[in-house]
Each structure stands twice: as C-alpha cells, then as structure tokens.
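Whenever a hint applies, use it, and build me the whole structure from the sequences.
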Amino acid sequence: MKAPDFDYERPADLPGALDLLARHGAEASLIAGGQSLLTLLNFRLAAPELLIDIGRLAALKQLVETDRHIEIGGLLRHCDLAASPLIARALPLLHQAIGHIAHPAVRHRGTIGGSLAMADPAAELAACCLALDGQFSLLSTRGQRWVAAGDFFQGIYATALAPDEILTAVRLPKGEPGGISIFDEVARRRGDFALAGLAFAATPQAGGLKGVRLALLGVADRPILARDTMALLESGPLNQARVEQAAARIVGEVDPPEDPAYPPAYRRHLVGVLLRRTLQRVLMAFSA
Amino acid sequence: MTIGAEVPRDRAKRLLSGRGRYVDDINLPRMLHLALVRSPHAHARIGAIDRADALALPGIVAVLTAADLETAVSSWRAAHKLFPGMAAPEQSALARDVVRWQGEAVAAVLGESRAVAEDGAERVSVDWRELPAVMDANQALAPEAAVLHGDMANNLAFAAEITAGDAEAAFRAAAHVAEEHFRFHRHSGVSLEPRGIIAEFEPGESRLTVHQSHQTPHQQQDLYARLLGLPEHKVRVICPDVGGAFGLKHHLMADELVACAAARLLCRPVKYIADRLESFLSDVHCRDHEVHARMAFSPTGEILALQVDDLFNAGAYGQYPRSSIAEGNQIIRLTGAPYRHANYQANLRMAFLNKSILGHIRSVGHPIACAVAERLIDLGASRLGLDPIAVRRRNYLNEADFPTTSVGGVEFENLSFTACLDKALEIIDVAQFRQEQAELRTRNVHRGIGVATFVELTAIGPEYYGEGGQHISAQETCLLRLEASGAVRCYTGATDQGQGIDTGIQQVVAGVLGVPLSEVEVISGDSALCPMGGGSWGSRGAALAGEAALRAAATLRQNILAIAASLLQKNATELTIEQGMVVDIATTYAHMAVSEISRIGHFQPYSIPGDVTADLTVVERYATRGRLFLAGNGVQIAIVEVDVDTGIVRPLRHLVVHDCGRILNPLLVREQIRGGAVQGIGAALYEELRYDPAGQLLTGSFADYLVPMAGEMPDIEVAHIETPTETSVLGAKGAGEAGTAGAVGAILNAVNDAISPFAASIAEVPITPARLLRALGRF
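Taken in order, these protein sequences are the chains called A and B. Residue numbering for the first sequence follows numbering that gives the first Met the number 0, beginning at 0 and increasing consecutively. Residue numbering for the second sequence follows numbering that gives the first Met the number 0, beginning at 0 and increasing consecutively.
Be careful, since some hints might not be right.
As the list claims (entries may be wrong) - Derived Cβ-Cβ restraints for the label pairs, each shown as a range:
| # | chain 1 | residue 1 | chain 2 | residue 2 | range |
| --- | --- | --- | --- | --- | --- |
| 1 | A | 175 | B | 649 | 28 to 38 Å |
| 2 | B | 428 | A | 149 | 49 to 59 Å |
| 3 | A | 103 | B | 697 | 20 to 30 Å |
Derived from the structure by calculation, the hints contain no laboratory data. Where a beta carbon is used, it is the ideal one built from N, C-alpha and C, also for glycine.
Structure, rendered in structure tokens:
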C-alpha cells in the first residue's frame, strides 16, 4: 500500500500552479489536504505523474463576506470553517454539516475545495452547496468561470472541472433572516460516510414554507435535489398531514444504487425518516 | 503487598509517548522489502507466472514462486491428534497449483524498498484459470459443491457430536421449547500494528534471526527450524514491542514464512509488513458460524435439555499449528455451561471454503456459546412469563455443585455465577430501568437491557496440544538473576503485546521476594534469552507465567535468606525480606540489605561461612497437570437504545462483573475486561468481513470494516469477585477472554429486549441497521 512513483511540485503562487496545470493537465493531480488523494494513491487507484501541491497558496485561503454572499476560498479547511463565527452566523447549514465530517484529524487537513472536487456522493459539503445553490469558481490560464453546484457534480467522483482548472472558491448566498437550516444524516458511527443525509433550507411563510431547498447525500451517484418534495412543501401550510405526504413523496423520489450491505430500500426508508424528523423540528419551531 | 496493587505500567508511558520500537521501526543493513503477488480470485488454478517485467524494473532483486521456495521451506498440515479424522490438507508458503482464497500469495517480489517491490508485484502476470468459489458452509457441504482439496471427497473437514443424558426425551416432555437459528458473521482481531517480520539469514553460521510481531517466540523458533531445516539453536526469534495481538499473532503465517525463506535464499535481511488491505485479506479470521439451537424448559423455568448444532468453516485450510477446530469445539463444549442441565446433545461440522483461514482470535468460541444459551433463556423466560434473571439464577451451577465436570466435558473447579449476578444487580437497578423503559417507550424511545452469563476458559494445560502433537509449550519457566547491585532481572516465557503482563509478573517477583517494585526488571520476547515458554495467548500469562515467577521468587528468597542466615549466624526461619532488607521476624530489626548479600555472593563468596553456596540465579517452572483449562466466569449487563426508525443501536451502559481468581493488578485486569468488552461490542454491532458471492472481499479498509470507536462506546463498568484457584499458590486465572466472551450475548439480548414491543427479534450479528430494520419489518 505504497503510492506509485510521482513527481512533486509546490508552486509559490496561484499563477504558478495554473501554469503547471496548463502544461501537465490530465497527467497531474492537485493536492491540498490529501485526505482523499493519498488514499487513492496508496491503493494505487490513482497514478498521476505529477502532484501539484497547492496547500500553501494564500490566495485560496480567503473568507470574504459581501452584501449577499459568503465567498469561501478553496483551501479553507473544515476546521477553519467550523471555528468561523461568520460561517456560524451567515451559513448555519454549513456550520451544522461540518460537525458530521469525519474526525478532528481529517477536519484539520481536509479542505472544502478538495472535498467538492473529489465529489464523493456522500460528502456533506457538496450537498450543502447544492442546497444553497452555490456557485463554484473554476480558474485556469484560460480564465475564470462560475459553475452552479447543480451543474458541477456530474456523477460519482465526476465534476465539471477541466483538467487544467482549479476550484478556487465557493460562493454561497447568506441565509435570509428567519430562515431555517437543518442538516442531518445517518451514519453507523459518528464521522462515517453517511448512509443517507439531508441538507434543508427554507423560509417560513404564513404557516408554510417558501424557498424550500432540499438536497440529499449518499443516495445517488451525486448530491441531488428532491425537487418534487420541495414543490410539495411549498404548496401549502405545513402540518402533520403534509409531513407524511412529503416523507412518502421523497421515498419515491430517490433511487439509491445497489449495495449488498445497505439495500436501496433501506436508504430510501432512511430518506423518509430524515425528512420526517427535519419537518418535525420545523413544526416544533413554528409552535414555539 | 505488591501483588494486587494498582501499579501503572512503565511500558505504557513509553508506548504512549511514541517511543515504542515495533518491527517496522527496525531497519537492518542491506535489507530487502517483500511485497506479495496475491490472488485476485477466491479459487483459481495457477497457470504460467511471468516475472520478466518485474525483474526488469530497477530496484527489484528477485521474484520467487512456490517452485523457487521448494528447496528452502517445507509444507505443512494442520492436524490435531485429539481430533482424529480431521482433514488437514497440505499448505505451502506460496500457493503451488491452486489458490483457495482471494489474497492467497503466489509470488514474492523482493525489492530495495516496499514501494518498488509493490511496483514489481504489479508487473508480475499470472495466467489464472478461475474455478467456482465456495463461499458459504451450507453450499460447501452440498453434494454438487466444488471440492477445494483434491485429496478429499468433499469439503467436510470434521464432524463431531457430544451427547449426555437423553435430550430427545427431555424435549418431548418439556413445557416449552425455545428455538432459534443464529448467524455469527466473520470478523478478525484487527490489531493496531499489523503483522510484520524481519528475517535475517547468516550463511556462514547458518543462523536465522527473526524479529517478528508475535505472541509466541519459542513456538516460532521451533516452527522455523523445522520448516526451514535448520538446527533449532541456530534460530532466534525476537518479539519487540507488539502493538496488539488478540490471538492474531500466535499462528504460523505463510506470508512471514515466505520472508524467512527469501532471506535464506538471498542471504539478505527481508522485511515484510502486512498493510491494512493485506491484513483484512489474509490475517486469520474468526467466527463465521451458523448455529441452530433449542432449549427445553419446565413450567417453572428449569432448563431440562439443550441441543446445539454448529456449522462453521475453517476457511481454505486448517490454521497451523493449532488447527481450526477450537472455535467449534468450544461452542459445543461451552454452550449452556453456566447452568445445571443434564440432557445435552451437540453437533458440529467444519467445512473448507474459499476464505482466509479461520484461527483463534480472542475468546475463541466463547461469545457464540454464550450468546446462544443466553438468548434461548430470554426467549424461554418470555414465553413462560418468567423473569429472565430469575430463570438464570435458578439454573446456575452453585457452590454445592463444585467441583464438577460440565455436560460439555469441561472441568469447573469453583465458579461464582450467583455472586457475580448479585454484584451486577447491586450496580444496575433493573427495576428502575424497567420503569424508565416503560416511560420512554411512550415517547418512542426504545431501550433494552440484556444479561449474559459466561464461562471463561483460560490457561490451557499441556495435555491439549501435547496430546495433539503440536510443539506448543504449556509449561512456563521463570529465570531470576540477582544482579550484583541487588536488582533483579526476571526472564519469562510470557510475552507482552500491550496487555501489561510484564508488570503483573514484576509485581509477583517483587512481592514474593520482598524487594521494591523498581528493583525488578522483566525481560521477555526473545527465544534465545528467555526460558522456554508458551508466550501469551489464551489468557495464560498471569495464571501460568505468574505462578512460575512466584516459584522462582520463592526459591531466590530462600537462597538469599540462607546466605543471610549463615552470615548472621541465625536460623533462616527467623529472617524475612522486606523492602529489600533482611529483617529479623521477631524484633523487626533490619540486619542487612539484599544488595549487601548480593555483593558478597557475587564478589566475596568465600566469606560466607559453612557450605552455603551463592545461588543467586534461579530457575523454576510450572505447568498444570490433568486439567485442560482453568475456568473463570462472570456476568455482563448491557443497556442499549435502538433507533427503530434508522436501525442504529447505541450502547448506553455496559457492566462486566468478573471472577479471574486472584488479581495481580486491578488496573491490568480492568483494561483487559474493557478492551475485551469493546471487541465484543464490535462483534455485536460493527465488525464484519463481507464477501461477494464470487469470493471478493468487500471490506478491505476501515471505511467498510467498522471497528468500535471511542465515540460510540459507553464507559465499561467493571467489578470483581475473587475466587482464587486452588491449583496454584498464586491463585490467578486468566482475564483476557471475559470481556469478549459475554458482550455479544448481552448486546443481543438488550437489542431484542428493546424491540420486544414490536414482536420482532433478531439472531444475527453484527446487528447492522439494515438487518435490524428488516427484522422490524420497516422496509
């Protein structure tokens, strides 16, 4: 379980990194926290000729607040986000989700850009970005483009990133005042990959919900939006009957992959449980 | 008195500060690294092996196959003469014609680094011809099954039966029969430090020196000498710090033997460290049993009869040198052992199939024997409307019954089931729990309580392997050397793999001798330096090596007092040793220091009057006789919370009340119990080696093979009852199996208690969320 031979470069600045990537493209891999890549290398599931270590690029470690957005540099680590009062205040969904990401050792090395670029279907941050309709900045020597989270994730470990691009930042809209954010997941042990999880955001309106965003993780080849259920939840007041309707709807909306240990029917069931629990919390908040 | 004191161990401080020296920390000059080419198939014929590409790679020194090793190392068969008729197919260090599990090694690649050796291994191509994989014991014994071993008619490795009384008649007459079909899935010991070895062969002196992460250096010395054809005194096996073993490291492993053979052929040191994937693929595994059992009850809850049918598998071969029979054998001998019942009928069948070899991992067979009987008792009590704890109590073997030989054929000297249960019920208020349970159920919170009573077999006597034909020492020897300064070096055959037996032995020597603990140093784990012994496995360290140390310390004490008496012109019986001083018993006057006697004994022996010689290096030994095991016992109570919507089980409380006889050091015993209970909870809820139908291991990393982690574990509460064995002066029994032995049964009963309002039950471990929800009919 030793990595195959590779070359290693640690560019001093972002243009240097982009230049290396432009020249080596598909033969190169970026490495930041290394929490996914090192495992792939050691299992010899990946064999890049060149590792470009971007871990020290200060330009990707900014956390910026604008009027309507928070922009998170790709190299910010999970522990950085967990400790940020700004994230806790403006992006409570993200703040909740980070507590579910692996263990402290991983959170002290793993980065948000690395997690999103890896595109593990069970990743917490990917589902949050999808729920919040985040935009990802993809930068190359050809220029910068912004890609919506919904377009970025294209399958298991597959994204819209071109071989010469770096995911430099994530832009997420700040939560609305009075908005509700709930992240929840089911894992065998705290810190395990979720068997199923849910990132929920909405704004209360006249006994019901508007702007409902409901992203699921661990139940498809990528994070997905439960669009039918979102629509159902916006269609009238939230009450016990609608909770049950929504729980039934979401179970029919997902089609998890075959897995001998966790059959699709089990994951579908979990999605219903998670949504029911989430909506119960919303109802309790309403009555409080 | 030093024995029984809570002494923290020095070794722990060193290991926790990162100063351990494990096999992989050792590097020798000119050392080569071994990577193995492993079968990607569960069952396949080996065609041509092409090594040209690998040999062309810079840094690759050799690529060896079974044919290359033929002159260097013999093959073996895991026979056991106490089990005549047990099939023992031939196994070789590298597979010869056929591979029989995914991960079995077929070629050895030796390179200047492990990374380059792995590059080489990737470039070895093998012409595989796949054969049908047999992955389940039922399937293995079906008439149409592919047969693993050409010299066998079918895959049945062994079958046995035990009968006592008339079980059939008792079942016919019973008021109620509890019956269940259990499945205990395969897992392993999963030590933090994986298997590892450095083998060094010196051709001039024909000398093999081995550093190995192992529990039994003398056994390995004997095996390497015989299999490699070397004189035994030319083989030295050193076990440095060992990072957990759990039985995983007291076997011969083919991979490590390859390293020895390669070192001999190439005359360069060879290091092999199993990586985690290789560990999951090719470590010895355990459990993987299917048990059908039933228990007959009288209307008042007396156990009238018990019937057990155990179907299990050895994996692809028998494990060498002990064979793979013990787990099934323990199950048919131990199921229901805490209870008085006369009518017993048990069967076992062991099959060969295409998985890694099944060996002896912590608490061999015990967790299954315990879980089966304890679950049946709960089922029976529930059907009869009786309190399950009361049913246990009325059926326990009691003081009046001892000594006794169980219907399974195990001797019990004196066990304390009732005392353990009483103590457990003092600590956990069951009535109060039942109140809380009822109240919480109204809020859809489902908690359950489970009790399990277990017997723990420890300190195997010499008759088991002696009669079996294995070279496995059950005699322990201790050598004590009084140094000139008065300090004591203690050489023991027991080994320390993190459990701290070194400290226990240190306490025995210091306590019996009468010197401060700091004056005693224990040296172990070196087959050339330490006296012949069996190492540490099967909870034998305290009971056997502890007693040998006690005897040696008593002899050394006697010799010191003889010198002192001669020097002081007193009778030795008037003197004793306290805190390193020779003291007059009557007056408590401290005459002289042990260090003074040592100085005189070593440097001025002529000044000792009379014919007293300075025997300051002594050797004593101990083996039990006519007793296969020293049995301990205990009770565990688990309280769990079941999320009936997700299937996740959360252990909330876990209590172990345990009797291991005389306790050398409560800190060591408690950690044995806690660690064991955590491994048992792991087996109950998390740990499982899963294969697909084609024999591909699905759980090759810690992402898929779940071990219990601190975050999920409750505090394991431990309490003791002390019933010393009278077979030794020390009175200690083993303590290493207890935690694991009862945890599965306690958790299984607790989960079933939690889900009892849903008229559901489960009898399959680990209790995964999906299995539990299926049992609850939730999907």
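Here is what the structure says about each hint:
With their beta carbons about 35 Å apart, residue 175(A) and residue 649(B) fall inside the hinted range of 28 to 38 Å. For residue 428(B) and residue 149(A), the Cβ-Cβ distance of about 55 Å falls inside the hinted range of 49 to 59 Å, so the restraint holds. Under the hint 20 to 30 Å, the C-beta atoms of residue 103(A) and residue 697(B), about 28 Å apart, fit the expected range.
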